[in-house]
Amino acid sequence: MKHAYFPGCSAESTARDMHRSTLAVAEALGIELIEPQGWTCCGATAGHQTDRTLAAALPAATLVKARDMGLDLVVNCAACYNRMKVANHEIAASKQVQAKVAEAVGRDYDGSVKVRHLLEVLLDDVGTDAIQDALHGSLTGMKVASYYGCLLVRPSGVTGFDDPENPSSLDRLVSAMGGTALEWPHKVECCGGGLSMSRTDVVVNLTDSIVGMAKLAGADCIAVSCPMCQINLDMRQLDIAKSKGNRYDMPVLYITQLLGLCLGVAPQRLGLNKLMISPEKVVKAVYE
Amino acid sequence: MTMTISKNKSARGILKQVQGISGVDLSVCYQCKRCTSGCPVSSMAQCPPSEMMRRLHLGMGDELLNSDILWMCVSCETCSTRCPMGIDVAAVMDALRKLAVQRGAAKPEGNVPLFNRAFLKTVEVFGRTYDIAMITAYKLGSGKLMADTEKFPAMLKKRKIALLPPRGADRKTVRRIFKKTKEDGAGK
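Going down the list, the protein sequences come from chains X and F.
Here the first sequence is numbered in our numbering, starting from 16 and rising by one per residue.
Here the second sequence is numbered in our numbering, starting from 190 and rising by one per residue.
Treat the hints as calculated values from the structure; they're not laboratory data.
Just so you know, not all the hints are guaranteed correct.
[To be verified] Computed footprint of chain F on chain X, listed as stretches where at least three residues anywhere in the stretch have a Cβ under 8 Å from a Cβ of chain F:
| hint | region |
| --- | --- |
| 1 | 24-36 |
| 2 | 54-62 |
[To be verified] Taking lysine to any residue and the SDA-like style, the derived pairs with C-alpha atoms no more than 20 Å apart in a straight line are:
| hint | chain 1 | residue 1 | chain 2 | residue 2 |
| --- | --- | --- | --- | --- |
| 3 | F | K368 | F | R306 |
| 4 | F | K347 | X | L253 |
| 5 | X | K257 | F | K340 |
| 6 | F | K340 | X | G260 |
| 7 | F | K222 | X | E204 |
| 8 | F | K328 | X | T215 |
| 9 | F | K340 | X | N261 |
| 10 | F | K361 | X | E118 |
| 11 | F | K371 | X | G121 |
| 12 | X | K257 | X | N220 |
| 13 | X | K115 | F | K361 |
| 14 | X | K17 | X | H104 |
| 15 | X | K129 | X | G175 |
| 16 | F | K347 | F | A322 |
| 17 | F | K371 | F | R360 |
| 18 | F | K328 | F | R306 |
| 19 | F | K369 | X | D123 |
| 20 | F | K346 | F | A322 |
| 21 | F | K361 | X | R131 |
| 22 | X | K259 | X | E303 |
| 23 | X | K299 | X | G152 |
Since we're looking at a predicted model, the values are computed, not measured.
We put the beta carbon where it would ideally sit given N, CA and C, even for glycine.
Kindly generate the complete structure, drawing on both the sequences and the hints.
Now the structure itself:
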């Protein structure tokens, strides 16, 4: 299984742990991930809030590189995944957009490179049976709240990822690892995403509600697959404690970190030390 | 919902402009308010998304471009996903933001455009985001110098913030994209 792999900018800063655990899990499961040389930023929220052509052209610059490699493009960051999918959709749907993007990028592109989220590769290509066969540890006894956030599942007509209101991809992986996948109501609520710095007040309100609900549902940890969700739910717990007095002490791990632990990958290769809320109890549970 | 419609004040033609930028047909909205029910910030904002749609129908441009929802909207796309008429409400919001910035109406909640500019500037220069440069530009611009500083030592220690600028990106193509889209945007 060979794929082009787009790490996304946060893989080099706030989400090195997502990136490293992705590579470790891919290696353990025989998935070959190759970065397109010279990949560039997808534009993120700032891009689409600013200009529609810019928001389509930035992802297209990397999509063209994946096309040159003759491979589909696998993305783990939910936000990058979303922007890549939206760009493909807009470029394929309108000749006018296509022409503008071609002019901006300097290459023709018709929106045809297949963009897949890592979760889709794990579930559809590898499959939970093969993953279970490869496990060295398990999440037995752990209650995990799977948090999907916005950008994997919305807009559903464009991303086509799972059920937009009650997705189960992360839950299926949690179950495969022997954990209890919690039914809880905030799976696809928004954490505030890219407003983390510019409207911290909004983000603190939203994350308080999400982490609080996970706690109420009895979660031992939250599993995510997006660097914005991770940093908002994890780091903003410090602000929630300060401004609202709610202390949750809720570890927020990337699904690839959980999977890496259960596959027997050494914790230091998974970047677990980068989490703000200590994941110690999760690590202990896997090693017990 | 109570609205006061002021005559001669509203930016006329805003409906057409928003439709042009977003490619969305706004006339099919029948005010079912599913967008507002699902909106994570509707309880915090003065003008929830369904009201924004109604104001557009009524041509209440000035009020809309100054509305707080534009800069509280988290782009979660719940509205677009749940609209029974398939209206991409989030695209309408993007179009309004663009108009608000163009017309200098984004003053009261101006930190989001500032953040977006700081973010995109690092992308334009380095081909990828460069957090330290972005954060510095944002802090200087917003005057929020002390925000989140208590987290910096831990973030640096955990290497959650890269000190050196990103390397290896195809900067040439990215610069071309910014140049071309700016030219294109200026022509409108």
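So, going through the hints one by one against the coordinates:
no.	hint	result
1	24-36	holds (count 6)
2	54-62	holds (count 8)
3	F/K368 to F/R306	holds, 15 Å
4	F/K347 to X/L253	holds, 16 Å
5	X/K257 to F/K340	holds, 13 Å
6	F/K340 to X/G260	holds, 18 Å
7	F/K222 to X/E204	holds, 18 Å
8	F/K328 to X/T215	holds, 13 Å
9	F/K340 to X/N261	holds, 18 Å
10	F/K361 to X/E118	holds, 14 Å
11	F/K371 to X/G121	holds, 15 Å
12	X/K257 to X/N220	holds, 12 Å
13	X/K115 to F/K361	holds, 18 Å
14	X/K17 to X/H104	violated, 24 Å
15	X/K129 to X/G175	holds, 12 Å
16	F/K347 to F/A322	holds, 19 Å
17	F/K371 to F/R360	holds, 16 Å
18	F/K328 to F/R306	holds, 12 Å
19	F/K369 to X/D123	holds, 15 Å
20	F/K346 to F/A322	holds, 18 Å
21	F/K361 to X/R131	violated, 26 Å
22	X/K259 to X/E303	violated, 35 Å
23	X/K299 to X/G152	holds, 11 Å
Consistency with the previously given hints fails for numbers 14, 21 and 22, ordered from lowest to highest.
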